[in-house]
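Quick mapping for you: the protein sequence lines, in order, are chains A and B. Here UniProt numbering is used: the first residue of the first sequence is 1, the next is one more, and so on. Here UniProt numbering is used: the first residue of the second sequence is 1, the next is one more, and so on.
Possibly wrong hints are sitting among the right ones.
As the list claims (entries may be wrong) - So, partial list: chain A residues that the calculated Cβ filter (under 10 angstroms) puts toward chain B:
{"no.": "1", "residue": "D162"}
{"no.": "2", "residue": "E218"}
{"no.": "3", "residue": "T222"}
{"no.": "4", "residue": "F305"}
{"no.": "5", "residue": "N310"}
{"no.": "6", "residue": "R312"}
Unchecked claim - In silico EDC-like cross-links for lysine to aspartate or glutamate, where the CA-CA straight-line distance does not exceed 16 angstroms:
{"no.": "7", "chain 1": "A", "residue 1": "K192", "chain 2": "B", "residue 2": "E635"}
{"no.": "8", "chain 1": "A", "residue 1": "K303", "chain 2": "B", "residue 2": "E543"}
{"no.": "9", "chain 1": "A", "residue 1": "K328", "chain 2": "B", "residue 2": "E543"}
{"no.": "10", "chain 1": "B", "residue 1": "K111", "chain 2": "B", "residue 2": "E95"}
{"no.": "11", "chain 1": "B", "residue 1": "K101", "chain 2": "B", "residue 2": "E156"}
{"no.": "12", "chain 1": "B", "residue 1": "K477", "chain 2": "A", "residue 2": "D307"}
{"no.": "13", "chain 1": "B", "residue 1": "K624", "chain 2": "A", "residue 2": "D224"}
{"no.": "14", "chain 1": "B", "residue 1": "K628", "chain 2": "A", "residue 2": "D306"}
{"no.": "15", "chain 1": "A", "residue 1": "K194", "chain 2": "B", "residue 2": "E546"}
{"no.": "16", "chain 1": "A", "residue 1": "K328", "chain 2": "B", "residue 2": "E546"}
{"no.": "17", "chain 1": "A", "residue 1": "K303", "chain 2": "B", "residue 2": "E546"}
{"no.": "18", "chain 1": "A", "residue 1": "K376", "chain 2": "A", "residue 2": "D290"}
{"no.": "19", "chain 1": "A", "residue 1": "K110", "chain 2": "A", "residue 2": "E136"}
{"no.": "20", "chain 1": "B", "residue 1": "K628", "chain 2": "A", "residue 2": "E218"}
{"no.": "21", "chain 1": "A", "residue 1": "K194", "chain 2": "A", "residue 2": "D224"}
{"no.": "22", "chain 1": "B", "residue 1": "K477", "chain 2": "A", "residue 2": "D304"}
{"no.": "23", "chain 1": "B", "residue 1": "K477", "chain 2": "A", "residue 2": "E218"}
What the hints contain is simulated information worked out from the structure, not anything from laboratory work. Glycine included, C-beta positions come from ideal geometry on N, C-alpha and C.
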Amino acid sequence: MIVLRRLIHPAFRTTITGIRPSISHLRTTAARASEKPPEDDASDKKKEEKTFTRDHLPAVFTNFENISDKNKETYLNMVTIFETKSVHRRNHVEFIYAALRNMEEFGVHKDIEVYKALINVMPKGKFIPTNVFQAEFMHYPKQQQCIIDLLEQMEDNGVIPDYEMEDMLVNVFGRRGHPVRKYWRMMYWMPKFKNLSPWPLPNPVPNDALELAKLAVERMCTVDIQSRVDVYNTEDIEEAIDKTWIVSGISPEQVELIKKHDKRKPIYIEGPYLIWLRDKCVNYFTLRADVDPKLKFEDDEEKDFDDVSNLRVPLFGPPTKQNHLVPKRSVHQQDDGTIFAICATGTSSKDSLLSWIRFLERSGNVDLGSIPILFKFKSRPGPELPAVTTDVR
Amino acid sequence: MIRLCVQYNLRNILRRDSILPSIQKQCKSSSAKGSPVAETFNDGSRQEVADSTGSKAKLPQRKPLVKNLMLGVVDKELLRYPEVISRDDTSKLDEEIASVKSYFSDTIAPKFQEFSLDIPREVKDNLKNLGLYSFSVPKTYGGRGYTTSELSVASEPEQISVDIATSLMAHRVVSEVIAQFGTDNIRETYLPRMVDGSIVASEAIFESQPTENQFFGTTAEYNESDKVWTLNGEKSFVINAQDANLFLVVAQVNTLNRSGNMEDGVAVFLVDSTLPGVKVEAKKSFGIQGARQGTVQLRKVTVPEENMLGEVSESGMVTQSLLKLNRLKSGLLCTGMLKNIIKDMTHHATFTKQNGIYLKDMKHISDRLARLVCSTYAIESMSYLTTGLLDEFQNQDVELEAAILKLYALESLWKGATNCMNYLGPKCLEAGQPSELHLRNAAQLCTQNEPLDSLRIYIGLSGIQYAGMNIHEVIRKDRNPLFYPMHVLGRLFEKQSIESPKLTLHLEAEVHPSLDLAAKCLEQSVLRLREATETLLSRFGSEIVEESVEAIRISECMTLIYATFASLARSSRSYCIGLRHSDYELLITTILAIEGSLRVKELVTDIVNGPYMTSDQNNQKIAKQLFKSQKYFYEHPIKYNF
């Protein structure tokens, strides 16, 4: 049966496009539908004025684009208006497509309640197939595709549906409806993907730049689990001009590396680099030195693993790194340089970075005072470059 | 009768094992032969010992026993348990320690629990008068000059009180090390006064804080002009710290090696407690509180050049010997403690009635006690086999034997001490109960000195190191099959199976025929161990030193095999000369051999299967995540995800 279904399905999709329009087609119709409304609305408005009785709803019935105060309340009001204006709910597919397109502007694209409200627009019972053929051959294709697109948009926005939504979909399309099947697939995969990231972030991420910077630096510091993240306030340094915060990450191993660094060789403050936390990005800087030419990488080390004639076993305690001729390369010693520390500052300005170095010097890295430090900026940082920018899609 | 029992056991326990038919056959054939072992006891080498015991001349060195097991080589001669102390010496020894024995059994035993907090002054004086401090000081310096075996026998009575025994143990180890490595001048200065206890010595080896790059935080620097060493650092867990007036301190030194480079090394120093800069502080310990552990602080303490025992170049040897003595003695101590535990438990089980039935009549309690007896028997056998090897042969390498003895003894002691928790209930942890005291003392002993895991890794890796020295050419070929195709082909045919290795050593010919099964189990284990060693070396090459999980597995195999070996040798001797209860010795040996070989088989299978077939790899993965999250990272069992 399943095989048969799979065979029929693509064939059906290509041949009966007249009945079941492709997604792109639907999108264009939807677009047209939303373009049209002025005249539709005009005619609707007249009816609306007669039938509409609820006081709290706006008297003027208009489309999504025309609403000036865009938020969840007005959005849901729009849906209610549509639901109540006529018993037949004509053009509800077009309405849903229009609503879907405008979600982001209303800031409700991650809100499951809104999606439920849109599904609720669909009439219950009418679209439930009554026989096998209807079930397999996409009963009411336009309506089903519309809700599939709605679910798709939920998926794109990372909104996991809930069980109530399943009941709603079943009420509309029956247990064999394609949206219900899509729902089930979503419920299989989305919870699994939800926790897959090794660096979990709050959802949504905080808006506060300092909190974001902390999250970003903490995330980058996971390469070395011994790392410490400190938050400094430049007001503690007299010389500082910029009064701002600094989030700095450094590990004991990096402190050791700074100690070992050749004082004659300069080190660089490089940046700003970008790190994305969900839809926000943070500028950060690194304190980096060139690769130590004396450092032999393990790959170069000539070790004869086949020679077991003289294994070293210490008397006290387990064997240590002494078994290596060359000290093990630290994770901070990369091929393109040695990274000593990272930071993000409130202003990303040269002065705040200077304060950062002063803080590092104060907290145990005395050697930084005697090493020449150069700025190597990718773009010119200044007060105009904020620490945090938000992705506007 | 016993033979029948053994065969019966065998049939029941090893039914699934394919060796059964061959063993049965062997049993029949060997029983027909009678006991050839009894005769072999009187061969030339043994005679020589008997002649020369007076002058204490030792036999030439043999190859190390346990290390050779890694190569699948068993020193069959040693399956005849060493009789180092001659008959005359035994009776002399008995006479000498008769007073000690009676003192401990009459005066100390009834109130040994009172010493668990502090040993009273008069008891300490009595110990001095009885000559307990002089046991291991050579005769030339007025001591008793006991050999290791004699010392073990002589120190058995004192084990009634662990607190007394540990204090004496520390003193004796120091005197032995001085006698062995000190210059004449040093020996003259210290040893005569160590006889009467006017100098009480103790070791200060271990520290409470691990140091980052070296073994010890205590350092010693040499001053060329004044010819003195300056010591700095702090030593913890020093037994008898406040009474002792001589400390044996192990410190980190920088020495010139042969190529002229500075190299990190470890050296042993004698430090007088009266020297300026030495500060002793008592610390309350968890168990063995009567031994009054403490810390010894050393601040710029200068000691003359002579006080470093041994040459700079041989300082490794001194520390090794120090550790060896320590390990041997803690093995002995455990035997004593286990005997005390067994005595208490047996008494308790015999006279306690629960719900109308005596504890002794409950099968699970009998089973637990019997297991305890088994391991005690094994420890005892290993102790005297090891000391025998040390005394009988010149410079015999027993470092691994000593380490294994300590490991097995401590593990058994811990099991024994926690045994009563299984059936006594909360009562066993009440303050003042002997079981509570045993438990605390056992816990203290288990953590005393080196942690058990270091010991395990040391045992495993030392064995592998020895194997590597001997079979490195084969391993090189194994690891480069394409360069040595003929070698690989040859390997294919000789490959032993883990399931049923081909027995070629004929160990059963060396022991009483009743022990046929045990001997075969031992041989199987040895052959499996060899297989595991070769697998590990060819799989990891020189990186094996970092594979501590495998090292621990190997060490468990070695421990079980050595325990079986020692018990086999001992029970064979006892049965051949007809000691009382020797039939029960056969039973114990058979149990140890069968259970040991099953466990070894399991471990070797794990080793051969490698990290992906066992859970090793998965454990590493979990641990990695654990270190990342820094806490138990799993979500709550009833958390919702959507």
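Hints not upheld, ascending by number
Hints 2, 10, 14, 15, 19, 21, 23 are the ones this structure does not satisfy, whereas the remaining hints hold.
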